[in-house]
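Asker: Below are the chains, spelled out letter by letter.
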Amino acid sequence: MYYRNSNSNKSILHIDWPLLLGLIILSGLGLFILYSAKETIGPLYQQLMKLGLATLLMVGTAQIPPRFLRAVAPWLYFSALILLMCVLFIGIIAKGGQRWLDLWIVRFQPAELMKLAVPLMLARYLDDQILPPKFKTLIIPSIIIAIPVILIAKQPDLGTALLILSAGLFVLFFSGVTWKLILSFSAIVISAIPLLWPFMHEYQRQRILTLLDPDQDPLGKSYQIIQSKIAVGSGGLSGKGWLNGTQSHLEFLPERATDCIFAVFGEEFGLLGSLVLLAIYLYIIIRGLIIGVQAQNTFCRLLAGSLVMTFFVYITVNIGMVTGILPVVGIPLPLVSYGGTSLVTLMIGFGMLMSIQTHRTLLYK
Amino acid sequence: MSNLHTLKDHFKENRLYLNRTVWASIIVISVFLILIVRLFFLQIYQHELYRTLSLNNQVRIVPIVPPRGLIFDRNGILLAEHKPTFNLELTPMRTSNIEETLTAIHAIIPLSESEQQTFYKQLKYKRRHESVPLRLNLTEEEVAKFIIEKHRFPGVDVIARSIRYYPLNEAVSHVIGYVAPINEKELETLDTSNYRGTYHIGKTGIEKFYETELHGKVGHQHIETDAKGRTIRVLGNTSPIPGKNLHLSLDSKLQQAAFDALGDLKGSVIAIDPHNGEVLALVSKPSFNPNLFTQGIDVKTYRSLQNSPDKPLFNRAISAQYPPGSTIKPLVALQGLDSGIITTQFKIWDPGWYQLGGKGRLYRDMIYFSKKHGHDWVDVEKAIVQSCDTFFFSLAHKLGVHRLEDIFKRFGLGKKTQIDMAGEAGGLVPSEEWKQRTRNEAWYPGDTLNIGIGQGTLLATPLQLAQMTAILASKGEYYKTHLVKAFSETGQTPIPLPINKETPVILKHNEYWDTVIQSMRKVIHEPGGTAHSLSQGIRYQMAGKTGTAQVFNLKQNEKYEVNKVKDHLRDHSWFIAFAPVNEPKIAICVLIENKHKKSAKEIARIVLDCFFEQENLRNPSPQLGVGVLQLQE
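Residue numbers (my numbering), protein chains in the order written: chain A, 1060 to 1424; chain B, -12 to 620.
Mixed in with the good hints, there may be bad ones.
Straight-line C-alpha distance at most 30 angstroms; calculated DSS-like pairs for lysine-lysine [unchecked claim]:
| no. | chain 1 | residue 1 | chain 2 | residue 2 |
| --- | --- | --- | --- | --- |
| 1 | B | Lys240 | B | Lys422 |
| 2 | A | Lys1213 | B | Lys204 |
| 3 | B | Lys298 | B | Lys467 |
| 4 | A | Lys1097 | B | Lys582 |
| 5 | A | Lys1097 | B | Lys172 |
| 6 | B | Lys240 | B | Lys403 |
| 7 | B | Lys108 | B | Lys190 |
| 8 | B | Lys132 | B | Lys346 |
| 9 | B | Lys385 | B | Lys462 |
| 10 | B | Lys385 | B | Lys422 |
| 11 | B | Lys111 | A | Lys1109 |
| 12 | B | Lys190 | A | Lys1097 |
| 13 | B | Lys172 | B | Lys190 |
| 14 | B | Lys396 | B | Lys137 |
| 15 | B | Lys385 | B | Lys495 |
| 16 | B | Lys462 | B | Lys403 |
| 17 | B | Lys572 | B | Lys582 |
| 18 | B | Lys396 | B | Lys582 |
| 19 | A | Lys1109 | B | Lys298 |
| 20 | A | Lys1239 | B | Lys422 |
| 21 | A | Lys1097 | B | Lys108 |
| 22 | A | Lys1195 | B | Lys(-1) |
| 23 | B | Lys495 | B | Lys572 |
| 24 | A | Lys1193 | B | Lys(-1) |
| 25 | B | Lys403 | B | Lys346 |
| 26 | B | Lys195 | B | Lys403 |
| 27 | A | Lys1097 | B | Lys111 |
| 28 | B | Lys396 | B | Lys467 |
| 29 | B | Lys172 | B | Lys204 |
| 30 | A | Lys1109 | B | Lys172 |
| 31 | B | Lys111 | B | Lys137 |
| 32 | A | Lys1109 | B | Lys108 |
| 33 | B | Lys334 | B | Lys346 |
| 34 | B | Lys204 | A | Lys1097 |
| 35 | B | Lys402 | B | Lys472 |
Honestly, the hints are just simulated from the structure, not real lab data. Computed from a predicted structure; not experimentally measured.
So that you can see chain A by itself, here it is in the shape it has in the complex (with noise of 0.2 angstroms):
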């Protein structure tokens, strides 16, 4: 052991109280935009019940110290490959796609586990090796982040496969891979994407195609997209006012209290609501990243930066996607849109970042 074991932080829960502030702001807020969006009570005690849970789980997971974490990060990995295996074979259908593996309580989507595994499993492989890592190092870290990719791709869930590349790209990216071989990467990236076209499922080309010219079929696939612009558009500086959202109320804006939430708050709070909404998240993100900053070794620095930068890919996607500057992908906006599955995941990973910030040590040696 190379740290003395004990704890500067002498209170006996494991909290960071600037990140929890955070959190609770932000998912209050949404609660608020939730009741907008679904105009009922009977959903709203539902997301407070699962927000509960998801919080409960945070503040258990900010108990385990990180050198814990590190010792489990294979096992959490390779499980989480085998129950995907499962999933592609005997997982069951559920909205199109085979990502739910049915274990008769719980529906259990393996990769939810996945958005965490990769990065511990990452950090911890990076971890052992000499930084900034040379070309040959990369090699085992890109298989471990392909695998799982290509396999939830294949489910088809882009969404969740785009934030498991991007928390594995991110651990490298801490990592101090070198610029040459980030720009060469991008590019050979950017180059592939025409290759990719004929691999597409149809319905992922459309959702380009929408993104490039959206108003050539109004009322069909273009229909998400354009009823969002119009009712985060027609909010205008300080919006129409809690509940007072005709395009979101009126219509059957699609997906209004999961991935097109954003869509309501734009309408109701306006530009004013939308930058408030903006500050809370980039407090969260700078927190996280001071905690990164502030971690005793590379395995939590590697993970704090890593579930940080995901947090923040979530809601770069999912407001680009809503305000139609990039394509229709099923990422929700965290902690606001309705349900539970990737609340909960995302609520761990915070557990995780408190858990780094609260377990150093005094002593380095």
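Mind docking chain B on chain A? Use the hints.
Answerer: Relative to chain A, chain B alone:
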């Protein structure tokens, strides 16, 4: 690993990380700036455009609910249809003060406590522009009364809706089931977009099993509205796909006859066509009125149905499991003959009891209790005709539990029939392994004797025994028992569903089918048969077998006396039969709980008579068994 750590330059790594964090922050801030610019572009620069779009060009999507499929019997008689009804409904968005409105309405049309409670409960789960029912099934007088005062209540309307109606009421409720308002639990698993505008869902029976087919697919109407939500024009339609009509194999006349024959007895009647596994009648009594449920049953009525000791909501035909009693003796006989353990000549002396190895406990034959002696010399035919327990004790002992288990399972006992209804029970065929696993006890020879006469831990549902009888009737042909024959779309000819065959029961010696079936015929048509009383005035030949399911076990020398035993502890009475013997058209199973004066066999006779009466009407030139028998008389 520790070597690597010491080689690491921690200071350098730290600095590298800090550097990357700075870059990450730059990325985050620039992307957020892009988002803000985009929002500024949409919400400020293009605001006027989108505001106009949102004000003038609102496209509403209104669901068009698909009509639910109808349910017909085999002759095209309606078993489930639609009936128009008038509801009083309130739209929260157009009502300023809900409580005041309710009080004012109460003065015109009195609203009960439970109606108000239901209203407030539903209010929580409805969107503000969706209407919530206040009172269902308004009478014409109530409609008239309210229309006069309508101007006082802008948010309250009389709305015509169509509700599900079951014309045959109680007689088919256990088969058809019913629809009722969707509850919260169902909402969670439902495809909500397909159920937009649908308020009812199948809860039991056929209505539940075929929910997907009956419901159909929702359609949409795209309506352009102004800012106040008024329709400007209809932009387009996606037509709903109506639910499919179901054509059941059920014969509602036979069903009604069986229902009436049971009277106020508790029990069940099932009739199957042995040619294809079609269910002709399926009755469970006591029953309930399914029309009570369609608009949401009130709590009090529901509780009284649920808590009644007679369990009217319980579908005995498919969900209740009883020991099959002597009805399985033909199977044991078949196995004994076919596996060569006994021959048709084989006889035993029956003193009225059986003793394992000539000592110990006496396994008494039923007859001993009334006549104080046995059946004397008994061969397999006489054993079936007179239902001789002693013979079957002896045969069961010779066969052993494995051969018994084998024949029961080949006739479909111990597993669900997979009938197209929800809530079926599977019965139980016990085995050594099963007893060890569930009770942690060894299998005793006495256990084998008990299941050899259909008692002990052997359990079957009435449906399983009906299916078993159909297999016997068709000499081993095994069809999947089913209710739905065909689907149809309104105005089109029904498309029949394929008939599924299961592994048939094949004997090594085919002639033993006749041995057993002829013995079963003699149960009715020969003096001394346990159902000989049925032969009076019969115009067709039938084969059958009586049975008794013991509700509780007698002590060794205790005598079972009907009058001394409490009602609910009385034995259950079984009867299985098929007819005509030579070319069976119907197989039937009757169960009466807690045997009364009228026993299962008499009810079977009434139902079979009804079946052949109709058969004669349909086919007035009898060539088969029916005609031959008329000559014999």
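Asker: Does each hint fit the structure? Answer for all of them.
Answerer: How the hints compare with the structure:
Taking the CA atoms of Lys240/B and Lys422/B, the gap is about 44 angstroms. The hint is violated against a cut of 30 angstroms. At most 30 angstroms may separate the alpha-carbon atoms for a hinted pair to count; Lys1213/A and Lys204/B meet this at roughly 28 angstroms. Between Lys298/B and Lys467/B the alpha-carbon distance is near 28 angstroms, which keeps this suggested pair within the 30 angstroms criterion. For the suggested pair Lys1097/A and Lys582/B, the alpha carbons sit about 57 angstroms apart, so the restraint of at most 30 angstroms is broken.
A distance of roughly 18 angstroms separates the Cα atoms of Lys1097/A and Lys172/B; the hinted pair therefore holds under the 30 angstroms criterion. Between the alpha carbons of Lys240/B and Lys403/B the distance comes to roughly 27 angstroms, so the proposed pair stays at or under 30 angstroms and holds. Annotation: proposed proximity of Lys108/B to Lys190/B holds, straight-line Cα distance about 20 angstroms (limit 30 angstroms). Distance check on the hinted pair: Lys132/B and Lys346/B sit about 84 angstroms apart at the alpha-carbon level, beyond 30 angstroms; violated.
With a CA separation close to 24 angstroms, the supplied pair Lys385/B and Lys462/B stays within the 30 angstroms bound. For the hint pairing Lys385/B with Lys422/B, the CA-to-CA distance comes to about 20 angstroms; that is within 30 angstroms, so the pair holds. Distance restraint check for Lys111/B and Lys1109/A: the Cα-Cα separation of roughly 19 angstroms lies within the 30 angstroms cut-off, and the hinted pair is therefore satisfied. For the given pair, Lys190/B sits about 27 angstroms from Lys1097/A by alpha-carbon distance, which is consistent with the 30 angstroms threshold.
Restraint check: the Cα-Cα separation between Lys172/B and Lys190/B comes to about 12 angstroms, which is no more than 30 angstroms; the hinted pair holds. With a CA separation close to 66 angstroms, the supplied pair Lys396/B and Lys137/B exceeds the 30 angstroms bound. For the proposed pair Lys385/B and Lys495/B, the alpha carbon gap of about 19 angstroms is at most 30 angstroms, so the pair holds. Pair hint Lys462/B plus Lys403/B holds up; C-alpha atoms about 21 angstroms apart against a cutoff of 30 angstroms.
Distance restraint check for Lys572/B and Lys582/B: the Cα-Cα separation of roughly 28 angstroms lies within the 30 angstroms cut-off, and the hinted pair is therefore satisfied. Restraint check: the Cα-Cα separation between Lys396/B and Lys582/B comes to about 28 angstroms, which is no more than 30 angstroms; the hinted pair holds. A hinted pair counts as satisfied when its Cα atoms are at most 30 angstroms apart, and Lys1109/A with Lys298/B does not qualify at roughly 38 angstroms. The straight-line distance between the Cα atoms of Lys1239/A and Lys422/B is roughly 71 angstroms, outside the 30 angstroms bound, and the hint therefore fails.
For a cut-off of 30 angstroms, the pair hint linking Lys1097/A to Lys108/B stands: about 16 angstroms separates their Cα positions. A distance of roughly 20 angstroms separates the Cα atoms of Lys1195/A and Lys(-1)/B; the hinted pair therefore holds under the 30 angstroms criterion. A threshold of 30 angstroms between alpha carbons decides the hint, and for Lys495/B with Lys572/B the separation of about 25 angstroms falls inside it, so the pair holds. Of the pairs offered as hints, the one joining Lys1193/A and Lys(-1)/B holds, with about 15 angstroms between alpha carbons and a cut-off of 30 angstroms not exceeded.
The suggested pairing of Lys403/B with Lys346/B is violated, with an alpha-carbon distance near 39 angstroms, which exceeds 30 angstroms. Of the supplied pair hints, the one linking Lys195/B and Lys403/B holds, its CA atoms being roughly 18 angstroms apart against a limit of 30 angstroms. Our distance criterion of 30 angstroms between C-alpha atoms is met by Lys1097/A and Lys111/B, whose separation comes to about 11 angstroms. A distance of roughly 15 angstroms separates the Cα atoms of Lys396/B and Lys467/B; the hinted pair therefore holds under the 30 angstroms criterion.
With a CA separation close to 21 angstroms, the supplied pair Lys172/B and Lys204/B stays within the 30 angstroms bound. With a C-alpha separation of about 16 angstroms, the suggested pairing of Lys1109/A with Lys172/B holds against the 30 angstroms cut-off. Using a Cα cut-off of 30 angstroms, the hinted pair Lys111/B and Lys137/B holds, with the two alpha carbons roughly 25 angstroms apart. Proximity of Lys1109/A to Lys108/B is assessed by CA-CA distance (about 22 angstroms); at most 30 angstroms being required, the pair is judged to hold.
About 21 angstroms separates the Cα atoms of Lys334/B and Lys346/B, which keeps this hinted pair within 30 angstroms; it holds. Proximity of Lys204/B to Lys1097/A is assessed by CA-CA distance (about 23 angstroms); at most 30 angstroms being required, the pair is judged to hold. Taken as a hint, the Lys402/B and Lys472/B pair is honoured in the structure, with Cα atoms around 23 angstroms apart against an allowance of 30 angstroms.
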